[in-house]
Each structure stands twice: as structure tokens, then as C-alpha cells.
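Novice: Sequence:
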Amino acid sequence: MTPQLSFYNTASRTQEPFTTLHPGVVNMYCCGPTVYHYAHIGNLRTFVFEDLLRRVLDYNGYAVKHIVNITDVGHLTSDADTGEDKMEKGAAREGKSVWEVAEFYTKAFMQDWERLNLKPPTRWTKATDHIPEQIALVETLEAKGYAYVIPEDGVYFDTAKFPRYADFAGLDIRGMQEGARIGVTEGKRNPTDFALWKISPSDAKRAMEWDSPWGRGFPGWHVECSAMAMKHLGPTLDIHCGGSDLIRVHHSNEIAQSEGATGVTFSRFWMHGGWLLEAPTADGNGGGKMSKSAGEFVTVDLLLKKNYGALDYRYFCLGAHYRSYLNFSWEALDTARDSLKSLRRKTDPLIGRASAIVSENALGWQRRFLEAVYDDLGFPQALAVLNQMLKDPDLLEGEKAALVRDFDRLLGLGLAEKTEREEKVLPGPLAALLEERKDARNNKDWKRSDEIRDLLKGKGFGVKDNPDGTTSWFPL
RNA sequence: GGCGACAUACCCAAGUGGUAAGGGAGAGCUCUGCAAAAGCUUUAUUCAGCGGUUCGAAUCCGCUUGUCGCCUCCA
Numbered sequence: 179m180t181p182q183l184s185f186y187n188t189a190s191r192t193q194e195p196f197t198t199l200h201p202g203v204v205n206m207y208c209c210g211p212t213v214y215h216y217a218h219i220g221n222l223r224t225f226v227f228e229d230l231l232r233r234v235l236d237y238n239g240y241a242v243k244h245i246v247n248i249t250d251v252g253h254l255t256s257d258a259d260t261g262e263d264k265m266e267k268g269a270a271r272e273g274k275s276v277w278e279v280a281e282f283y284t285k286a287f288m289q290d291w292e293r294l295n296l297k298p299p300t301r302w303t304k305a306t307d308h309i310p311e312q313i314a315l316v317e318t319l320e321a322k323g324y325a326y327v328i329p330e331d332g333v334y335f336d337t338a339k340f341p342r343y344a345d346f347a348g349l350d351i352r353g354m355q356e357g358a359r360i361g362v363t364e365g366k367r368n369p370t371d372f373a374l375w376k377i378s379p380s381d382a383k384r385a386m387e388w389d390s391p392w393g394r395g396f397p398g399w400h401v402e403c404s405a406m407a408m409k410h411l412g413p414t415l416d417i418h419c420g421g422s423d424l425i426r427v428h429h430s431n432e433i434a435q436s437e438g439a440t441g442v443t444f445s446r447f448w449m450h451g452g453w454l455l456e457a458p459t460a461d462g463n464g465g466g467k468m469s470k471s472a473g474e475f476v477t478v479d480l481l482l483k484k485n486y487g488a489l490d491y492r493y494f495c496l497g498a499h500y501r502s503y504l505n506f507s508w509e510a511l512d513t514a515r516d517s518l519k520s521l522r523r524k525t526d527p528l529i530g531r532a533s534a535i536v537s538e539n540a541l542g543w544q545r546r547f548l549e550a551v552y553d554d555l556g557f558p559q560a561l562a563v564l565n566q567m568l569k570d571p572d573l574l575e576g577e578k579a580a581l582v583r584d585f586d587r588l589l590g591l592g593l594a595e596k597t598e599r600e601e602k603v604l605p606g607p608l609a610a611l612l613e614e615r616k617d618a619r620n621n622k623d624w625k626r627s628d629e630i631r632d633l634l635k636g637k638g639f640g641v642k643d644n645p646d647g648t649t650s651w652f653p654l
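Basically the working numbering = 1-based index in the first sequence + 178.
A few of these clues could be false.
What follows is a list of derived Cβ distance ranges for each label pair [unchecked claim]: (1) R587 <-> P527: 14 to 22 Å; (2) N565 <-> W624: 49 to 57 Å; (3) N539 <-> R587: 39 to 47 Å; (4) P391 <-> A344: 23 to 31 Å; (5) K383 <-> A562: 52 to 60 Å; (6) P391 <-> D423: 15 to 23 Å.
Don't read these hints as lab results, they were simulated from the structure. Note that this is a predicted model, so its numbers are computed, not measured. Beta carbons: idealized from backbone N, C-alpha and C, even for Gly.
Kindly produce the complete structure, drawing on both the sequences and the hints.
Specialist: This is the structure we're talking about:
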């Protein structure tokens, strides 16, 4: 019996059997990064989750159309005009043009994507390549009576015209009104109304602006995702993903403007990744959601600099359920790195030895693994199944190898191939030392032998004496 | 102020009514000249605290404590 795929749907707040609008095809849109700075590993956790989802869909034989956007338009940081534009802020910080900043960080992001072994999306879509589509969407909303103009400010979406607005995120709008809210835009009809198009102030020239029926300006905070998703995937998506922090505002708004314009369900499944939390420092500061502004700004580059592999971080993410909080600490990452290393030690000897998976036993392991993964991406349990499987003495090596290869299609840890762990050559003088140690050992000069072992250890090389009399070394 | 989430061993963490997965670290054993690596064994009478429902609760309900988040932008 093949296990059935089911995912937790934020829209219904329940886990539902997965179905698609069109048989065999999955249209999936994932909110991507704003490219004004490097992505930190908290941002990246969401993309790792989405990659896991993507792999499960691929594994099931779906033709997946997977779109990830690149937000290269700077949006203001608040409703009020007082907010700073992230892109312009980035440009000012680095003395570059906004376009250069966008290009630089887009490349950096894609590099991180590859390092984490994320499958390339079917298509990357850039916000600035879709200005006409965004304008068209706003025009449709205006024609349907969902939009209103605040002169010299912009076009806004009237959330009162979309009665379901609060449902998706379970917003308590009355409670929000009671809250002290600073920087309310003059002229907004409802606190939840949001800009569809912002008109540039007459006295300031923006680095990125376009002509529109409402005046020169730039698209609002949320239209790009609706416009691009519907252009490339049609009015109804199968899955829309993002980080949990997008639920309340961004995704509520996307639903309002998309469904307002088309009259049909925008996305059948909504899936959101949990946050990466930062441990507080020893003095009790920091802690909470990882961000660029607070605490340590941890990027993949920093990980590599500290001698972790990007896949160590991927493994770290695999250890926790995608919807739960994950506590990041260097100690926890050490754990993940050691775990992956020891996992590789078990799976490396199996590379290239796969046979067919035919025995009852092997099929049972495969079923258990898939049951875990198909149950709302239960990768932590799946990892437990993998570990137990590797220890099963009744399983033939060929089948073990085949299972590892099969599971890794979903895990994406590179367990089935020899990675770039290149054969390093022991530097000449050290090789000579190793020879000398061999002689010492033959003469039972344990003192000298141990000295040399310590010396090599200091240089970063471990030594191990094999039972057959040979000696091997490995980088520590 | 309003709303919400979370709290499982040394660390990460699974488990949402049936009697605590898995990994790492640690410990013991085997192996070894000693190590390393590997293999085996082992590590929570207990799930923040208190009370309740139940034949039965980490799992449901209530209260308390603590941490974090949202009500600006955010993966």
C-alpha cells in the first residue's frame, strides 16, 4: 500500500490529502528574497523546506512548475512615507546603483541556493521584469471597484470590499485598531488597506520608478507576487509557500488582490516554514527570530568561513519539522556536522553498490521512510528510519545502497555520490614524518611514534593504524 | 495594551489519548603497544510547575511561571 501525500494547509489550519487542480501537474509559487543584502540562514531555512517539498513532489512523478521570485524593487519599510527603501538603503550603504545591488545579491542568493543543494526552480521571476503585469492587475482591481486613489500618494486596496480579508490569517482587526499604531497613512479607509501603486513624491526622484495611469511611481508592496504567479501559473495555484512571517500581511494581501481580480481561489494549498531562532548570548541579549539587524548575521559565507559545509546546515534543518521553530546555535550546528559526517562514513562505502530493492524487508524500510516524508514532510522521523535501516543486519548491502540512493533523492544530502571531498595529498614533509613513524613503530619506539602522531594532529591530520599493518591519514 | 505560539535528557529534536523515536556528545566493553576508526552496550519511572477530565495524558481543559512572536518590513 503506497502511503498518501498529505500536507498541512495554512488556509484550513488542518492537514489535508494533497490533490492537484490538473492531474499530474503541480503549480507552485514560492516567495523569494528581496535582494538588498545577503540572505541569512534563517531566510534560507524556508528555501530548504521548499526544496524538500519540491523533491517529494518530483519523487511522486508530478510535473512541477516551480517559480521563485526575486524582489528587486525596493519597497518602503512602512505604510507611511517615512520608511526607507531597502534597495536604496543597500545602494547607499555600498555606494552602488540599486540595479548593481540587485544584481550582486541575486547572484549571491543563487550561489547559496546551489551550495545548499536546492533544486533549481523552473523559473526565477524578477519583479522589475513584470511591471506591466502589475499595472494591469491594479487596473483590473480599480475597474472592479476594489481600489481607490489617495492623491499624490498612491492607489490602495480597500480591504472592506473583500469581506474574507481577515479569515486567512485569523486577524482580529478590531484588536488591531485598538493597538497604538504609529505612522498611519492619511486617507486610508481601513487600517488593513495596502498600497497597490505608490506615486513618487513630486520633489524627489527615486532610483527605480515607472510610468503608470496614476502617475510616475513604483508598484506596491505585494502586487508583484500576485502578478507573477498568475502570469506564469494561471489564476489558481496548487501550492503557495513562504515563511510564516508572510502569512499575516503579505499573503493576506496577495489573496485579497488576486481573488478580487479573478474571482477564483488563488492557491489551494498554503504552506509556511517555521522560523529559525537565535539563541540568546551569554549576557541574555539577542534571542528570538534570526534577523539581519539583531544578533549575529549568519550567512552561508560565514558558515564556510568557519569550516562548516553548507550541507551541514541543510542536515541541521532536516533534523526539525519544517513548521516548528528551530533553535540555532553553533553548538547545535556542530552536532549536525558531526551527525552528517558519521552518516557519510556509513553511507560512503555503499556508493555505487546499489542493487534492486526487492526483498520484503527492504520494501518495508522504504515504506516506513516514505510514510514519514509523505506525512507533512516528516523528515526528522525519516532520518530516524534511515539510521535504523543502516543498522539492520538482515539487509543485504546492495539493497542498503539502493535505499540510501533512493532516500537521498528526497534528503538531498549528496549521500549517493562522491562529493567534492577531493583527495588531498599529504604535504611532502609530513609524508616523510609518516614514513619515519612507520619505522619507529616497526622498532616498537612508541615514544617517537606518538610524538609524530601528535605533530601531525597539530598540523590538522589524523592518523589511524589499520589492523593489517598499514597506516592511513585523514584531515581532521 | 490586544492577540498568539512554544516549554521533552548534556545539546539538537520526534512524538497530539495507550504507557518517551533518532542523532550528536558522554560512559563502559571489544579491537589496539597506546590511540584513532569501527562494532556492541548504555544514558528521561519521565515530558516547566500545579490542578482537572479519563480505565489511561508529554499529548485534552484550566491556572501559574518562563521564553519568543505578531499588531511596521521580514523567510
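Novice: Each hint needs a verdict: does it hold in this structure or not?
Specialist: Outcome of the hint check:
Between R587 and P527 the beta carbons are some 20 Å apart, a value that agrees with the proposed interval 14 to 22 Å. Between N565 and W624 the CB atoms are about 37 Å apart, so this pair departs from the stated range of 49 to 57 Å. Checked against the hint of 39 to 47 Å, the C-beta distance between N539 and R587 comes to roughly 20 Å, which is inconsistent with it. Between P391 and A344 the Cβ separation comes to about 30 Å, which falls inside the hinted range of 23 to 31 Å.
The supplied range of 52 to 60 Å is met by K383 and A562, whose beta-carbon atoms lie about 58 Å from each other. About 32 Å separates the C-beta atoms of P391 and D423, a value inconsistent with the hinted range of 15 to 23 Å.
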